[in-house]
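Could you build the full structure based on these sequences and the hints that come with them?
Protein chains: 4
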Amino acid sequence: MAVLGFNRYGKAEVRVVRVSRGTGPDGNDELRDWNVSSSLSGNLDAVHLSGDNSAVLATDTQKNTSYAFAKTLGVIEPEAYALALAEHFVSSQEAITRARISVEDYGWQRIGTGGHSFVRSGQQVRTATVVHDQDLGSTVVAGVADLVVMNTTNSEFWGFPRDRYTTLAETKDRILATEVTAQWRFRSATGSGRDYGQVYARAGRTLLDTFAGTYSYSLQQMLYTIGEKILATVPELCEVRLALPNKHHFLVDLAPFGLTNDNEVYLAADRPYGLIEGQVLADDAPDAGLAWT
Amino acid sequence: MAVLGFNRYGKAEVRVVRVSRGTGPDGNDELRDWNVSSSLSGNLDAVHLSGDNSAVLATDTQKNTSYAFAKTLGVIEPEAYALALAEHFVSSQEAITRARISVEDYGWQRIGTGGHSFVRSGQQVRTATVVHDQDLGSTVVAGVADLVVMNTTNSEFWGFPRDRYTTLAETKDRILATEVTAQWRFRSATGSGRDYGQVYARAGRTLLDTFAGTYSYSLQQMLYTIGEKILATVPELCEVRLALPNKHHFLVDLAPFGLTNDNEVYLAADRPYGLIEGQVLADDAPDAGLAWT
Amino acid sequence: MAVLGFNRYGKAEVRVVRVSRGTGPDGNDELRDWNVSSSLSGNLDAVHLSGDNSAVLATDTQKNTSYAFAKTLGVIEPEAYALALAEHFVSSQEAITRARISVEDYGWQRIGTGGHSFVRSGQQVRTATVVHDQDLGSTVVAGVADLVVMNTTNSEFWGFPRDRYTTLAETKDRILATEVTAQWRFRSATGSGRDYGQVYARAGRTLLDTFAGTYSYSLQQMLYTIGEKILATVPELCEVRLALPNKHHFLVDLAPFGLTNDNEVYLAADRPYGLIEGQVLADDAPDAGLAWT
Amino acid sequence: MAVLGFNRYGKAEVRVVRVSRGTGPDGNDELRDWNVSSSLSGNLDAVHLSGDNSAVLATDTQKNTSYAFAKTLGVIEPEAYALALAEHFVSSQEAITRARISVEDYGWQRIGTGGHSFVRSGQQVRTATVVHDQDLGSTVVAGVADLVVMNTTNSEFWGFPRDRYTTLAETKDRILATEVTAQWRFRSATGSGRDYGQVYARAGRTLLDTFAGTYSYSLQQMLYTIGEKILATVPELCEVRLALPNKHHFLVDLAPFGLTNDNEVYLAADRPYGLIEGQVLADDAPDAGLAWT
Numbered sequence: 001m002a003v004l005g006f007n008r009y010g011k012a013e014v015r016v017v018r019v020s021r022g023t024g025p026d027g028n029d030e031l032r033d034w035n036v037s038s039s040l041s042g043n044l045d046a047v048h049l050s051g052d053n054s055a056v057l058a059t060d061t062q063k064n065t066s067y068a069f070a071k072t073l074g075v076i077e078p079e080a081y082a083l084a085l086a087e088h089f090v091s092s093q094e095a096i097t098r099a100r101i102s103v104e105d106y107g108w109q110r111i112g113t114g115g116h117s118f119v120r121s122g123q124q125v126r127t128a129t130v131v132h133d134q135d136l137g138s139t140v141v142a143g144v145a146d147l148v149v150m151n152t153t154n155s156e157f158w159g160f161p162r163d164r165y166t167t168l169a170e171t172k173d174r175i176l177a178t179e180v181t182a183q184w185r186f187r188s189a190t191g192s193g194r195d196y197g198q199v200y201a202r203a204g205r206t207l208l209d210t211f212a213g214t215y216s217y218s219l220q221q222m223l224y225t226i227g228e229k230i231l232a233t234v235p236e237l238c239e240v241r242l243a244l245p246n247k248h249h250f251l252v253d254l255a256p257f258g259l260t261n262d263n264e265v266y267l268a269a270d271r272p273y274g275l276i277e278g279q280v281l282a283d284d285a286p287d288a289g290l291a292w293t
Numbered sequence: 001m002a003v004l005g006f007n008r009y010g011k012a013e014v015r016v017v018r019v020s021r022g023t024g025p026d027g028n029d030e031l032r033d034w035n036v037s038s039s040l041s042g043n044l045d046a047v048h049l050s051g052d053n054s055a056v057l058a059t060d061t062q063k064n065t066s067y068a069f070a071k072t073l074g075v076i077e078p079e080a081y082a083l084a085l086a087e088h089f090v091s092s093q094e095a096i097t098r099a100r101i102s103v104e105d106y107g108w109q110r111i112g113t114g115g116h117s118f119v120r121s122g123q124q125v126r127t128a129t130v131v132h133d134q135d136l137g138s139t140v141v142a143g144v145a146d147l148v149v150m151n152t153t154n155s156e157f158w159g160f161p162r163d164r165y166t167t168l169a170e171t172k173d174r175i176l177a178t179e180v181t182a183q184w185r186f187r188s189a190t191g192s193g194r195d196y197g198q199v200y201a202r203a204g205r206t207l208l209d210t211f212a213g214t215y216s217y218s219l220q221q222m223l224y225t226i227g228e229k230i231l232a233t234v235p236e237l238c239e240v241r242l243a244l245p246n247k248h249h250f251l252v253d254l255a256p257f258g259l260t261n262d263n264e265v266y267l268a269a270d271r272p273y274g275l276i277e278g279q280v281l282a283d284d285a286p287d288a289g290l291a292w293t
Numbered sequence: 001m002a003v004l005g006f007n008r009y010g011k012a013e014v015r016v017v018r019v020s021r022g023t024g025p026d027g028n029d030e031l032r033d034w035n036v037s038s039s040l041s042g043n044l045d046a047v048h049l050s051g052d053n054s055a056v057l058a059t060d061t062q063k064n065t066s067y068a069f070a071k072t073l074g075v076i077e078p079e080a081y082a083l084a085l086a087e088h089f090v091s092s093q094e095a096i097t098r099a100r101i102s103v104e105d106y107g108w109q110r111i112g113t114g115g116h117s118f119v120r121s122g123q124q125v126r127t128a129t130v131v132h133d134q135d136l137g138s139t140v141v142a143g144v145a146d147l148v149v150m151n152t153t154n155s156e157f158w159g160f161p162r163d164r165y166t167t168l169a170e171t172k173d174r175i176l177a178t179e180v181t182a183q184w185r186f187r188s189a190t191g192s193g194r195d196y197g198q199v200y201a202r203a204g205r206t207l208l209d210t211f212a213g214t215y216s217y218s219l220q221q222m223l224y225t226i227g228e229k230i231l232a233t234v235p236e237l238c239e240v241r242l243a244l245p246n247k248h249h250f251l252v253d254l255a256p257f258g259l260t261n262d263n264e265v266y267l268a269a270d271r272p273y274g275l276i277e278g279q280v281l282a283d284d285a286p287d288a289g290l291a292w293t
Numbered sequence: 001m002a003v004l005g006f007n008r009y010g011k012a013e014v015r016v017v018r019v020s021r022g023t024g025p026d027g028n029d030e031l032r033d034w035n036v037s038s039s040l041s042g043n044l045d046a047v048h049l050s051g052d053n054s055a056v057l058a059t060d061t062q063k064n065t066s067y068a069f070a071k072t073l074g075v076i077e078p079e080a081y082a083l084a085l086a087e088h089f090v091s092s093q094e095a096i097t098r099a100r101i102s103v104e105d106y107g108w109q110r111i112g113t114g115g116h117s118f119v120r121s122g123q124q125v126r127t128a129t130v131v132h133d134q135d136l137g138s139t140v141v142a143g144v145a146d147l148v149v150m151n152t153t154n155s156e157f158w159g160f161p162r163d164r165y166t167t168l169a170e171t172k173d174r175i176l177a178t179e180v181t182a183q184w185r186f187r188s189a190t191g192s193g194r195d196y197g198q199v200y201a202r203a204g205r206t207l208l209d210t211f212a213g214t215y216s217y218s219l220q221q222m223l224y225t226i227g228e229k230i231l232a233t234v235p236e237l238c239e240v241r242l243a244l245p246n247k248h249h250f251l252v253d254l255a256p257f258g259l260t261n262d263n264e265v266y267l268a269a270d271r272p273y274g275l276i277e278g279q280v281l282a283d284d285a286p287d288a289g290l291a292w293t
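Line order of the protein sequences matches chains P, C, H and W.
When you line the first sequence up against my numbering, it's residues 1 to 293, in that order.
When you line the second sequence up against my numbering, it's residues 1 to 293, in that order.
When you line the third sequence up against my numbering, it's residues 1 to 293, in that order.
When you line the fourth sequence up against my numbering, it's residues 1 to 293, in that order.
Some hints here could point you the wrong way.
Given that identical chains are not distinguished, each listed pair holds provided it fits within a single copy or across any two copies.
Unchecked claim - Pairs of lysine to aspartate or glutamate, DMTMM-like flavour, derived with a Cα cap of 20 Å: (1) Lys-172 x Glu-94; (2) Lys-71 x Asp-173; (3) Lys-247 x Glu-30; (4) Lys-247 x Asp-270; (5) Lys-172 x Asp-209.
Please keep in mind that the hints were generated in silico from the structure rather than gathered at the bench.
Computed from a predicted structure; not experimentally measured.
In C-alpha cells form, the structure reads like this:
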C-alpha cells in the first residue's frame, strides 16, 4: 500500500522588481530585482489523497503576497524580505507549518547622472534562502552564484594516483578557473541590527581575495581555504557550502604548426568538467536544522 | 575553528555514445547516448587541508573509466552500467569508500531501412542514479525528466482558502499541463535477471496512462495518484518522487474584441509557475539509505 | 548627418495554444501549440525621429490580435494562420505596408483513450514564416528545426587539402550527426486547396529518408542532396535553405587502457562544431523577393 | 532541376583563451577570452555535387588556425585578429575567395594583487565580425550584446492608434528596459594606427550615456537617438544596427490588497516582448558591401 511522504508546493520564479523613488543618495531611485520562489508544507494529506483544496493556499495567492510584501517592506535586503514572507505564510495559514522562501537578487549599477538609470551587472547573482518552521523557528542561508573567476598561474596538480585508466600528465603550472556557487549559513536567523548587505559584501570580498591569494595544489584545497577564510572573516556565519566546477582550460598543442606554447594559448572546454563539492563548518556550528532542505 | 564536513568530487557530464555494430534485430546497429557524471567520496581530508592529492583519483581518470566501461560492458541498461562503474571506483581505490554515478539517457528512434540511421526522440530523458558505498552497499534510483504532458479538460481547481491576497477565481474546467520529473527507487539494487529497460517501460507507461486517465482537482492529487499507480504496477519499486511544475495555460480574455472564449484560446506562461513536489512510498519500503544523496 | 534606414518592430514570442473541442477524429480535442512573432514595417519615420506614435500599432495590440485570430481561424495550419495575420496588419493599418509573421509549431501526440490527453513530441519544431507586402504580395517559407539525426556509418571524410595547420586524419568510416534547420520556400504564397500540413509531412519524410539513405563523403554533399530531393519530391517548393551543424562524434582512444575501439565508443562534442550552410534552388525558381527578410 | 545557390561552411564557437605573461601594466598577465567562428566561401561546387573535398579546407584546420593565430598575434583587439585570420584563409587557399570571422569577446576584471587573477565581468559581450573577399576587400562590424539597461522613469508611451484589438492604456511614466544588441560598421576596414579598443570604449560609453540621458516616448525613438549619437561621437563608424527587445515591466495591481502602487512594484516579464529593430546610417555612408552577410 502507498503512503504519502515528504511534500511541499509553491510558486516558483516570481519576478519582482521594486523601485523606491528618490530614497537613495542624492534623491536617486533605488532598485531591487528579484526572482522569488515560495514553498509551503503542512497538513496537506487531504489534497494529495482526495483533491480537497481547503488547506491549499493557492500558488497564485503566494505570488500576490510576494508582490504585496515588496510594496510594504520597501527596498530591503533579500534575507529580511524572505524572513518576513516565510513567517507570514506560517502565521496566517492554519494548515501551513513551514515555509521556504528563496530569492535570487540581480545586481544593477548606476549609469548617467539622472539617478534613474541602471545597467545590469551580470558578474554574479546574490542568493538568499529562508526556512521558517512553526516549531523549529527560522534559518537563513545566503550566498552567491554564477561567479566566474580565473587564476592564470599559481596552480599545480600532481601527486594523484595512477591506475590502469590514468593518462593525465602532472602539471606544475595550469590555469585554475571555476564558476563559484557558494552558500553560507547564519548562526542565527535574526539579530538586532544585522546588516545582511554588509555580510554579503564581506563574504564576497573574502571569497574573491582568497581565490586570488591562494597558491593552489587542487580545487579541493581552494574550496576548503575559501570556506575557512569566510568563516574566519564573518563571525555571523557558521557553515559554508561550495560547488566549484573545474572550468578546464587545456593547453593547445601548437607543435604541429612549428609553434611553442609556453602557457599562452588555451582551449576553454565546456563539458565534461570536474565538479568539487564540499562543506566547511565552524567547530561550534549549531545544528543546521531545516536550513538546507 | 573550521572543520571539513561533507564533500565529494568527480567528473560531470561525460558524453558517451556507444554503438554496437550489427547486434540489433536484423543485424542493425544499436545505440546508447549518455551523459555520465561520477562523484567520489572517502578519506579526502588531506587534499582539502593540505593539497595532498595522493588519494584523489583524477576526474580525468574518472572520465577515461566511463569510456572504457562503455566499451567493455557494451550496449546495456544505464542502471547496470552505473552499478558497475560505481563498484569499480570503490573497489579499486583504497581511499574511495563511496561512489555516485548518474546517467542521462537520450532516446533515438530508427529511420530508413539501412539499420544505421536514427532520429533523436526528444520526448523525454531517461535517468538513472546509483550510489555504492563500501559498507552500505548499492542503491538504484531511475526515472524520467523533461516529459511534457497536457490534459485539455477534466481538471478543476476550487475550494482553496481565500485570504487578503487571494484573487484567483475558482474553475471547474482548466488545462492541466506539467513537465514531469519522476524518480523511482528500487527496493534492492540487484536482482537476478532484472530487466531495467522493462521496468522503465512499465513505469513510464503507467505514468502516462495515469496522467491521461485521472480526473484532477489539484496537481497534488495527480502527483499522489501517479506515484501510487507506479508503485502498484511495478513491484520492484518502493518509492517515487515527483516534481510537477504547473505549466499554466491562462484563458485569454477575448471579450474586449467581441469574441467568446469557451476554453479555446490560451496563453502558455513560462514564469512564474506552480511547483508541486512530493514523495510516495510503499508502506513496507526499506530505508532509503544513501539513495537520494 | 544621420538618416534612418531599414526598420521594423513587433511582438516576439507570443505563446498561443488553441484547443478545438471535439472536432477531431472520434470527437477528440485538437490542439495547436504556437510561438508567434509579428513584425511590422511602413511609414515609421515620425516615431523614430520625434517619438510620435500615431503610426505605431502597439506591440500589445499585435499580441491581442494573435490571440483573436487563433479564436476566429480555429485549428489550422501555421502557414495559413500567418498569412491571414500578416494581411490583416497591412490592410487594416494605413501606415503599415509590410508584415512578417513567424510561427514555431510544437507537436503533441495523443495519449490515453479520453481524447483530451497529449504528450509533447520534442523530436522537432515546425516553422512557418510569411512576409506580406502591400505592393509585392506574400511569400511563404516553412521548415523544421531542432531535428537531430545520426548515421552510425556510411560516412567518409578524406581528400581535403593539407596545409601547415592541418592535423586531421582522413577517415573512411565516421559517425555523421547533425541538428537540422531546414527552410523551404513556396513557389507561390497561395493556391486553391493547398494542404500545408501535407507539404510539411512530405518534405519532412523526404529529409529523413534522404539523410538515412545517402552514403556521405561530406556534410556539404548531404546538404545538397537533401535540398535536391525535397525539391524533386515537393513541387510546391522552389528553394531549400539548410544549416547543418556537424555534431562531432570523436572516436575515443582506448589503446592506453589495453582496449580496442573499432568504431564503438565515441565522445559527443558540443563546441566547436562544423557549420555547413547552403541553398538549393529549382532552376526555374521565381525571385525570392522579401521571403528571407 | 536543382542548382546550388549561396553556401558557406566553417568552424563555429572555437573557444580561444590567450594569456600574455607579464606584458600588462606592472608586469601583470593580460587576457583575451574569445569565441571564434570562421566561415569560408568560394569554388565549392564539387563538394556539394559529388562529395569531392579537394577544395574543402577542413573545419578542423580552421580551428587549428584560430589557435595558431592567437599565439602569433598575441593579445590584440578582436577586430584585428579577425582581419588577419580572414585574410589568411583567402590568401592561402586557392579555392577560397571569401572568409567571414566573428568573435565574441568576454571581458574580465582584475582581482587581488598578484596580477594573475580575474573575475568575469558578465555585463556585456563585445562582438566583432570581419568579412574579407578576394575582390571586394574587407569590412569590419563590431558591437556589443547582452547589455541590459533600465530607466526607472522618463519614459512615456501614448498616442498610438487604437483599433478593434487595442486594450493597452496610455502611460506617461513607465519603466524602460532593454537588452541591447548593437552592431556598428566601420567606414573602412583598416586605417593606420586605428585603436579598435578605444572605438569600442567610445561607442559603448555613448550608448550608455544616451540611454540614460534620453527622455523617451518610444523605444524606436531611443533606438534612433542611440544610433545617431554613436555616429556623431565616433567618426570611424558609418552605420549602426540595433535590436532592442522591450523587457516589459508591468505595474502590479495591488488595489485588491488595499495597497497603492505609485510606480513602485513591477512584474518583470519574459515573453512575449516587443522587439524593435533598426538601422541608422551616416548620410555619406559607403555601400555596405558584404559587411552584413
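Each hint, compared with the structure:
1. Lys-172 x Glu-94: neither (61 Å within a copy, 26 Å between copies)
2. Lys-71 x Asp-173: between (52 Å within a copy, 18 Å between copies)
3. Lys-247 x Glu-30: between (35 Å within a copy, 19 Å between copies)
4. Lys-247 x Asp-270: Both: 7 Å inside a copy, 15 Å across copies.
5. Lys-172 x Asp-209: Neither: 22 Å inside a chain and 46 Å across chains, both beyond 20 Å.
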